[in-house]
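Student: Protein sequences appear in the order of chains A and B.
First residue of the first sequence: 6, per the working numbering; consecutive thereafter.
First residue of the second sequence: 3, per the working numbering; consecutive thereafter.
FYI, nobody ran anything at the bench for these hints, they're computed from the structure.
One or more of the hints may lead you astray.
[As the list claims (entries may be wrong)] Dumping the calculated SDA-like pairs for lysine to any residue here, alpha-carbon to alpha-carbon at most 20 Å:
| id | chain 1 | residue 1 | chain 2 | residue 2 |
| --- | --- | --- | --- | --- |
| 1 | B | Lys73 | A | Gln317 |
| 2 | B | Lys119 | A | Glu65 |
| 3 | B | Lys73 | B | Thr63 |
| 4 | B | Lys73 | B | Ala282 |
| 5 | B | Lys73 | A | Gln318 |
| 6 | B | Lys119 | A | Ala189 |
| 7 | B | Lys78 | A | Gln317 |
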Amino acid sequence: MMRFQRFSTATAGYVLVWRALAFVVAMGIVALLLALSGRNVGELAALVARSTLGSRFGLEDLALFMAPLVLTGSAVTVTSRIGLWNIGGEGQFYLGAIGAAAVGLFVHGPAVVILPLMAVVAMVCGMAWIAVPTLARAFAGVNEIITTLLLNFVAELLTYWLTTGPWRDRVTGALVSTERLPVAVPEIWGVVHWGFPVAILVACGLSLLMSRTSWGYEVRVSGANPGAARYAGMPTRARIVAVMLLSGALAALAGMFEVAGTVHRLQGGMSDNFGYLGIVVAVLARRSCLAVIPAAFLMALILDAGIVLQTQQLAATAVLAITGLVLLLVAIADELAHYRPVVAEPVRRSAPGVSS
Amino acid sequence: MKGHGLLTRRHLLAGVGAGIGCGLLPAQAAPGQTRFAPLAEEEALIAFGHVGPITDGGWTTAHELGIQKMKRVFPKLRTIYVETVPYSADATRIFRQFVAEGAQMVIATSNYGDFIKDVADRAPDVAFLECDGTRVTDNLGWYYITHWYASYIIGVAAGLMTKTNRLGYVGTFPVPSVIASANATLLGAQSVNPACTMNVISINSWFDPQAATQAASALADSGCDFLCGITDDPAYLRVAQARGLKAAMWNLDMRRFGPDSYVSSVVLDFSHFYIEQVRARLTGQWKAAGTFLTLGHGVDRDVWGATVPPEIAARADAVRDRILAGETPFRGPIRDASGRIRVAAGEIMDDQAIYQWDWAVQGMTGLV
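Model the full assembly from the supplied sequences, consistent with the hints where possible.
Tutor: In structure tokens form, the structure reads like this:
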């Protein structure tokens with residue numbers, strides 16, 4: 006007799022198969038809805054493929070999308086390893102952008118000095134932004150989900166205030182932004198700048214840090230079983246503080262690259278929700294620092310396809326709905342991956358009171 | 003010294019008035035050089051990027067109406083559009099995708115600055131237009147309406163109708179077009195009622211009906227009995243109707259959303275401009291330029307609301323007649339919010355100066 010039993014772990018192979026199936030089902034539903042609304046699905050699919058993976062422009066855009074997504078996805082993933090959720094990536098992203106813009110606007114020097122300084126100041130700003138939620142979590146047990154989330158709104162309003170007030174562009178005067186920063190992250194391939202390889206390297210480095218160092222081991226144990234970690238003498242509290250500050254710095258680095266590499270001006274709304282999308286990336290990556298890279302790639306593909314679909318007169322909300330559908334089915338697939346067929350032993354059923 | 007082109011639509015070739023702002027590109031648009039080959043109507047693809055949904059009932063709907071009229075003139079023309087283009091790198095992606103799909107002309111109905119210029123610079127064969135833009139390059143031009151005259155006329159009515167002498171303004175971003183709108187309305191009101199003041203709340207969005215409703219309620223709570231603003235939608239008119247206040251709107255005739263409160267609106271008509279620009283592109287005559295659509299030619303005050311007393315409407319319309327005859331109301335002395343004289347007595351603010359307005363006039367709070 007065969008039945009399906011839920012296991013507490015899911016193997017990577019199962020997850021991949023189920024997710025592929027979920028993706029196919031999601032695309033099938035979308036295709037059906039598009040066909041019902043009278044669109045030529047084949048043509049749309051071909052256009053999306055040509056405009057994303059099938060063209061130089063499309064590949065450049067994918068890389069530009071991936072750079073911040075890998076970093077904000079990593080920011081959420083590292084906190085998830087210690088059992089916490091940094092929902093404040095959006096705010097730390099803005100603080101990173103603010104810090105980088107401050108350096109760009111007010112410090113003058115050669116790019117080789119200014120760009121690293123931008124990155125350092127951005128990361129310090131991101132760490133400062135998450136400092137209060139970090140201390141509140143580590144020393145008072147305050148739920149970090151709420152505190153990090155609420156600071157996002159403060160950060161975005163701070164950006165609006167700076168860009169329409171003290172730092173506003175007095176040259177063209179028409180944008181809700183600062184002046185164009187005099188220093189830019191160099192482009193390496195079309196419009197793709199150094200933010201992309203740096204983000205990939207950061208993700209790889211984090212993976213090594215988590216899997217190959219005693220520091221990473223302590224983080225993982227503190228996340229898996231805080232009681233056991235403390236009993237083993239691990240400095241759990243210090244690890245929580247370090248991981249959350251690291252998380253803030255990663256999201257801020259994404260903001261630095263976005264402002265200095267892609268947008269070139271600090272302005273409200275520039276985040277494109279990368280901070281929030283980092284949460285999605287982390288969920289897709291299932292707490293693996295390395296899996297953040299393919300997860301960010303998938304997210305970038307969906308976002309880029311969304312741009313193409315919008316030019317085909319699909320509303321932005323329809324694109325959002327498609328994204329939601331994919332993620333919903335992926336979440337279901339992840340759960341289904343925990344189930345495996347087992348052969349039930351018939352003996353157990355007839356065990357008591359049977360004498361033969 | 004009159005304001006620029008009050009009676010005729012004036013093409014401000016070669017950038018935006020000499021001597022204003024050093025950062026404006028030199029923008030000599032190579033006069034006479036036609037870099038854009040003529041196009042058959044059925045081969046042409048014109049792409050529009052909108053800041054909000056075309057059903058917003060205001061700004062984007064006004065553009066959409068203009069586009070529909072344009073398409074009746076060129077029935078074989080293909081157009082595509084994207085709604086709710088954010089002010090982020092996504093805007094660049096969308097404009098780039100327009101180019102990749104073969105658009106020969108891309109029109110952004112809001113100010114996308116570098117996001118559109120970066121694309122235009124890499125696509126020299128495509129004609130770009132940016133509403134509320136400031137820069138002119140070989141293939142990127144801008145257009146805008148001189149809405150400040152309509153706002154001034156409506157301000158005259160506001161000054162005569164307010165009982166508390168407090169006007170409320172639902173702002174979006176503290177950018178020059180908004181500053182010009184608020185300043186013009188208040189100056190119009192003060193011209194007939196010097197005690198008038200104006201309170202501004204910015205909602206950091208052009209289209210956010212919930213935030214506009216909250217801002218309008220807060221303004222009403224603080225004692226404002228006449229609401230105006232520059233949002234894309236009619237949200238604050240509903241607040242005015244519910245609370246028995248008066249309201250002046252933007253973009254379109256919105257009286258059906260608040261018939262008792264509706265005073266007037268800064269109404270827009272982009273159809274003639276779009277027809278002219280598309281025709282120029284099709285015939286290969288298109289040249290990048292900065293263009294103001296002037297009072298009576300793309301922007302005007304709407305027919306007065308049902309509850310506006312005829313004598314007040316007449317007084318405001320008298321001001322309109324004087325503006326149409328070439329007089330400008332933006333004449334010094336004009337003081338800023340701190341009381342300092344910024345435009346000396348007898349001096350005139352022309353359209354270019356108003357288009358770059360970055361300070362609030364006396365009696366204004368919350369604007370910049």
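Student: The structure should be examined with respect to each hint, and the outcome stated for every one.
Tutor: We went through each hint and held it up to the structure:
With a C-alpha separation of about 18 Å, the suggested pair B/Lys73 and A/Gln317 falls inside the 20 Å cut-off, and the hint holds. In summary, the hint linking B/Lys119 to A/Glu65 is supported, as the alpha carbons are separated by about 18 Å, within the 20 Å threshold. This hinted pair checks out: B/Lys73 and B/Thr63 have alpha carbons roughly 15 Å apart, not beyond 20 Å. For a cut-off of 20 Å, the pair hint linking B/Lys73 to B/Ala282 stands: about 14 Å separates their Cα positions.
A C-alpha spacing of about 17 Å is found between B/Lys73 and A/Gln318, which places the hinted pair at or below 20 Å, so the restraint holds. Between B/Lys119 and A/Ala189, the direct Cα distance comes to roughly 17 Å. Compliance with the 20 Å bound is thereby established for this hinted pair. Taken as a hint, the B/Lys78 and A/Gln317 pair is honoured in the structure, with Cα atoms around 18 Å apart against an allowance of 20 Å.
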